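Protein sequence lines correspond, in order, to chains W and C. Residue numbers are given in the numbering used here: position 90 of the first sequence equals residue 90, and the series is strictly consecutive. Residue numbers are given in the numbering used here: position 250 of the second sequence equals residue 250, and the series is strictly consecutive.
By construction, these hints were calculated from the structure, which means they are not laboratory data. Everything numeric in this text was worked out from a predicted model, so none of it was measured. For every residue, glycine included, the Cβ atom is placed at its ideal position computed from N, Cα and C. Hints are not guaranteed to be accurate.
[Unchecked claim] These stretches of chain C come out as covered by chain W in the derived footprint (C-beta under 8 angstroms, 3 or more residues):
#1 54-67
#2 82-89
#3 101-111
[Unchecked claim] Here are a few chain C residues that sit away from chain W, every Cβ distance over 10 angstroms (derived from the structure):
#4 Gly-19
#5 Lys-139
#6 Val-150
#7 Arg-169
#8 Leu-172
#9 Gln-182
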Amino acid sequence: MSTVRSYLRSAKSIVIGLASIATFLILWEAVTRVVNSPFLPGPYSVFLAFIQISTVGDIDGYSLGWHSAVSLYRVLLGFLAGAVTGIPLGLFMGIKLTVKDVATPIIEPIRFIPPIAWIPLSIVLLSGLTRFTFLIWVGVFFPVLLNTIAGVRRTSITLVNVARTFGADNNAVLRHIIFPSALPEIMTGLRVGLGIGWMCIVAAEMIGGDPVGLGRLILKYANFLQIDVVIVGMVTIGLIGLAMNYAILLLEKRMFRWRVEVTT
Amino acid sequence: MAAMFTVEHLKKSFETENGTIDVIDDLSLSLEEGRFLCIVGPSGCGKTTLLRILCGLDPPTSGTILINGSPPDPRKQKFGVIFQEESLLPWRNVFNNVKFGQEINKIGASDEIAKKYINLVGLEGFENYFPHQISGGMKKRVAIARALAVDPDIIMMDEPFADLDAQTRWILQKELLSIWSQLKKTAIFITHNVEEAVFLGQYVAVLSKRPAKLKTLINIDLPYPRSRLAAPFISYREKIIDLLREEIPSIS
Chain W
1 MSTVRSYLRS
11 AKSIVIGLAS
21 IATFLILWEA
31 VTRVVNSPFL
41 PGPYSVFLAF
51 IQISTVGDID
61 GYSLGWHSAV
71 SLYRVLLGFL
81 AGAVTGIPLG
91 LFMGIKLTVK
101 DVATPIIEPI
111 RFIPPIAWIP
121 LSIVLLSGLT
131 RFTFLIWVGV
141 FFPVLLNTIA
151 GVRRTSITLV
161 NVARTFGADN
171 NAVLRHIIFP
181 SALPEIMTGL
191 RVGLGIGWMC
201 IVAAEMIGGD
211 PVGLGRLILK
221 YANFLQIDVV
231 IVGMVTIGLI
241 GLAMNYAILL
251 LEKRMFRWRV
261 EVTT
Chain C
1 MAAMFTVEHL
11 KKSFETENGT
21 IDVIDDLSLS
31 LEEGRFLCIV
41 GPSGCGKTTL
51 LRILCGLDPP
61 TSGTILINGS
71 PPDPRKQKFG
81 VIFQEESLLP
91 WRNVFNNVKF
101 GQEINKIGAS
111 DEIAKKYINL
121 VGLEGFENYF
131 PHQISGGMKK
141 RVAIARALAV
151 DPDIIMMDEP
161 FADLDAQTRW
171 ILQKELLSIW
181 SQLKKTAIFI
191 THNVEEAVFL
201 GQYVAVLSKR
211 PAKLKTLINI
221 DLPYPRSRLA
231 APFISYREKI
241 IDLLREEIPS
251 IS
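Generate coordinates for the entire structure from the input sequences, incorporating the hints supplied.
This is how it looks when you write it as structure tokens:
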């Protein structure tokens, strides 16, 4: 009975969601007709541009799939760099309060420098893939670090004591208690970090390297005033970000079945 | 029989902003192998501090503790400690929680041993449940099985049943006694509940108010299973309550 009801409930929300998207597209089309500007394309011309870029490719011959793949590769490199630096440092800062006291006054102000503000400096100091990676890393590192620290601080002292009374050394406490206990927060940090890193892609690809990547696609066609392709790039960034976020959420749900708030 | 567990002139004090606080002062105790000792004391007398020292989590300020002739060190000895608070690893199911102590203890985790103790505490069929899916009483059973599965030299319990409802507490007290009489492990059980202490212990150590000393050690000379309504049981209980009342004059 309740499964039928929940099935109907989810069918209902799917219908509402589709209706909402349809309404949005109609409104968009209506606005473009009213404004009637060559720089504000409607959904249909964006769709045509999407087909064009996906199949034929852009003026340099790169297809939308290739642009996406290159951007994804760059973001994943930056994401990896953010994870392998943020997680160990977060664990360390969470466990050793003196390390936290030393690192916090340096890290906190840097945290509020937006990735885009790093561009001039990185143009001078770095080039190519290292620059892309660095700019994405700036976006990924802080959410991973801060969530890892929060996860470590949340660890139950009783569980640490249990491990100690069974003879655990510091390594075993870290491996068996602190890390698994902080893992839900670490995963949240990774998910948020990947989202922010992905949103940094336009900033990272603003200058230099091959004219490939979704950020480059947008900027290239903005120069040609071909806004339909710009919107294709923007929507593609949005949809890939959404898909990655959803994939990690599903992974979290699988991993953390033991958490009450996930199962209910 | 030689004492397997001795405490001599134990003292513990903490430095705070308002000076030194003595929590335990000149406490001496001893217990023979395989015996069941309950420790009761007025609230806030330092019972939990005492247990942390006995199981090697905190060092004493002075004095000696010997378990089988050496000072408590969970890396060299095998302890089964059961805490009052939630102590199961929420990300492990019942079976893997019971195996946890063995894994840490480097004695090699054995599925058969874990299985044996899960059955002993009556949790057969619940191996794959996660802690949030089982009741408070069942969680305590898992904690007991986990402590026993390392084949501990000594079992130490800090108010393990304090959070449970009276019915569950009585059932677990009975089962703890039946498990103890099968395994004959040396057991130390800290509680503020006098009735629980008289029901469980062969000895009841009554502590003074802070700084805690041994006020009296009472030998509860009653066969198991004990009836809470029998006259000797009540007289032991009243005697201990009177001793505690001397420590807190305000409640009399």
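| Violated hints - listed by number, lowest first | 6
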